[in-house]
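The chain contents come next:
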Amino acid sequence: MERTDLIVCRDLSLGYEGQSVLSHLNLHIRAGDYLCIVGDNGSGKSTLLRGLLGLLPPLSGTIQRAAELERGAVGYLPQQTRAQRDFPATVEEVVLSGFLNRKGLGFFYSAAQRSQALMNLGKLGALELKNQSYRDLSGGQQQRVLLARALCAASRLLILDEPVTGLDPAAAQDLYKTLAYLNKKEGMALVMVTHDLRPALREAGAVLHIGHGGTFLGSPAEYLASPYGRRFKEAAE
Amino acid sequence: MSLWEMFSFPFIQRALVAGALVSLCAALLGVPLVLKRYSMIGDGLSHVSFGALAVAVALGFTPLYFSIPVVVAAAFLLLRVADSPRWNSDAAIAVVSASSLALGVLVISKTSGMTTDVDNYMFGSVLAMSRADVALSVVLCAAVLALFSLFYHRIFAVTFDESFSRATGLRAERYNALLALLTALTIVLGMRMMGAMLISSLVIFPALAAMRLFRSFRGVTLCAAVTSVACFCAGLAVSFAWSTPVGATVVAANLAMFLLACAIAAMRRK
Numbered sequence: 001m002e003r004t005d006l007i008v009c010r011d012l013s014l015g016y017e018g019q020s021v022l023s024h025l026n027l028h029i030r031a032g033d034y035l036c037i038v039g040d041n042g043s044g045k046s047t048l049l050r051g052l053l054g055l056l057p058p059l060s061g062t063i064q065r066a067a068e069l070e071r072g073a074v075g076y077l078p079q080q081t082r083a084q085r086d087f088p089a090t091v092e093e094v095v096l097s098g099f100l101n102r103k104g105l106g107f108f109y110s111a112a113q114r115s116q117a118l119m120n121l122g123k124l125g126a127l128e129l130k131n132q133s134y135r136d137l138s139g140g141q142q143q144r145v146l147l148a149r150a151l152c153a154a155s156r157l158l159i160l161d162e163p164v165t166g167l168d169p170a171a172a173q174d175l176y177k178t179l180a181y182l183n184k185k186e187g188m189a190l191v192m193v194t195h196d197l198r199p200a201l202r203e204a205g206a207v208l209h210i211g212h213g214g215t216f217l218g219s220p221a222e223y224l225a226s227p228y229g230r231r232f233k234e235a236a237e
Numbered sequence: 001m002s003l004w005e006m007f008s009f010p011f012i013q014r015a016l017v018a019g020a021l022v023s024l025c026a027a028l029l030g031v032p033l034v035l036k037r038y039s040m041i042g043d044g045l046s047h048v049s050f051g052a053l054a055v056a057v058a059l060g061f062t063p064l065y066f067s068i069p070v071v072v073a074a075a076f077l078l079l080r081v082a083d084s085p086r087w088n089s090d091a092a093i094a095v096v097s098a099s100s101l102a103l104g105v106l107v108i109s110k111t112s113g114m115t116t117d118v119d120n121y122m123f124g125s126v127l128a129m130s131r132a133d134v135a136l137s138v139v140l141c142a143a144v145l146a147l148f149s150l151f152y153h154r155i156f157a158v159t160f161d162e163s164f165s166r167a168t169g170l171r172a173e174r175y176n177a178l179l180a181l182l183t184a185l186t187i188v189l190g191m192r193m194m195g196a197m198l199i200s201s202l203v204i205f206p207a208l209a210a211m212r213l214f215r216s217f218r219g220v221t222l223c224a225a226v227t228s229v230a231c232f233c234a235g236l237a238v239s240f241a242w243s244t245p246v247g248a249t250v251v252a253a254n255l256a257m258f259l260l261a262c263a264i265a266a267m268r269r270k
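Protein sequences, first through last, are from chains A and B. If you're matching positions, the first sequence starts at 1 in this note's numbering and goes up one per residue. If you're matching positions, the second sequence starts at 1 in this note's numbering and goes up one per residue.
Treat the hints as calculated values from the structure; they're not laboratory data. Among these hints, one or two may not hold up.
[As the list claims (entries may be wrong)] Now the in silico label distances, taken between C-beta atoms and shown as ranges:
(1) 82/A x 127/B: 42 to 48 Å
(2) 132/A x 91/B: 34 to 40 Å
(3) 166/A x 109/B: 49 to 55 Å
(4) 266/B x 82/A: 54 to 60 Å
(5) 168/A x 139/B: 38 to 44 Å
(6) 62/B x 132/A: 25 to 31 Å
(7) 255/B x 136/A: 23 to 29 Å
Every residue gets a Cβ at the ideal spot worked out from N, C-alpha and C, and that includes glycine.
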């Protein structure tokens, strides 16, 4: 494992109850990478994310994580649940909960954590939302708040599960801009599962296609030239 | 008879102390349960506790010693069912509820017959609280308050977003189990005064009313705790003054509070 490696998967197979969903995958995620994971429904994208997050032990092969990513210090943006959309909590409460993995048993968050939470909200252009209730926000604003929470949990790697699902095109565009900013200016490594191929291919540094026909890993240009990507070529142009 | 004289009766004192404490616990636990869409678990558990109580009486066991382990076991079962994608969870909970109720009724009909005791199990009695029950309520309430404040931020995180909490290294299933355990204990303790059919409202109503009024999780939690205790005290006083059954009166007070909260929320929106 090299110094810039955050996660290294070698000959990785993942699955449930002995049934493998995804097999023999080799993958390096390095600091500053922007990797998009695409593929058909049921091809194992979410399973791979669960594996990368350490929630699913490998059936075979290995997942190595950089020391700083141990103890759950990964920023994760899960898909929203229905119960969450009308949850009574202030934006500040939600964002602060990102620090939970670095908090002892004390009742209060530290002043430093509070100010960093506000800083992360500011970075995402959502500082003015801090006293609002999460349930009163639009879908795009909610995603920003969850992203700010993910930033509190980790500073080097974000894992996003279909972040633009349910957003209108303008809000989705905004979110992609924010992600590109975090990736380029803050050096944040991004791993994103998405159905929305066009922006993904424009911004991403690498594409991982998982499908029943096999896996493909390469740059967006290589992906579009490959048999897997050819059918998306028109869509991307 | 004045309100003051009412408190000179030892059974009212016991009911007040135990009931207020159980209401407080139920409201605190109710906030995460309702938000996680687990309200039906509370209802299912109250039916299980009725069945357990009937069996305990028939077999001659001390009711609490028998029903506590049974209901705790049922709580873990229902939690697993609710989280399992393979089960249709609300149907499964309904099946467990109806079966426990049926079992309880069958056992009762073959032993003591349908007496006022059965009516008391179903709809509660202000006389049900013994000294031992009050002591147990105090211990339970202290435990719920201590655990709730110790794990407050973790309970919030797990309630709001289980996937994120797991990804950041929190053992979400432990907190779910803790919630289920405490809910089971609260329901067993509260059901004899409130009644098996009515106890789950103590879990659900205060959280629902508080969610109409407050925008923060902390606000909702505190408001639910306060309204729950207030509604219990009001319900007890009314039930004493007009000789109405205590369980139903407390539920009516909670309903009135909920409707009031809805009205306030509607007026604010205008």
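### Structure versus earlier hints, numbers of those that do not hold, lowest first
4, 5, 6
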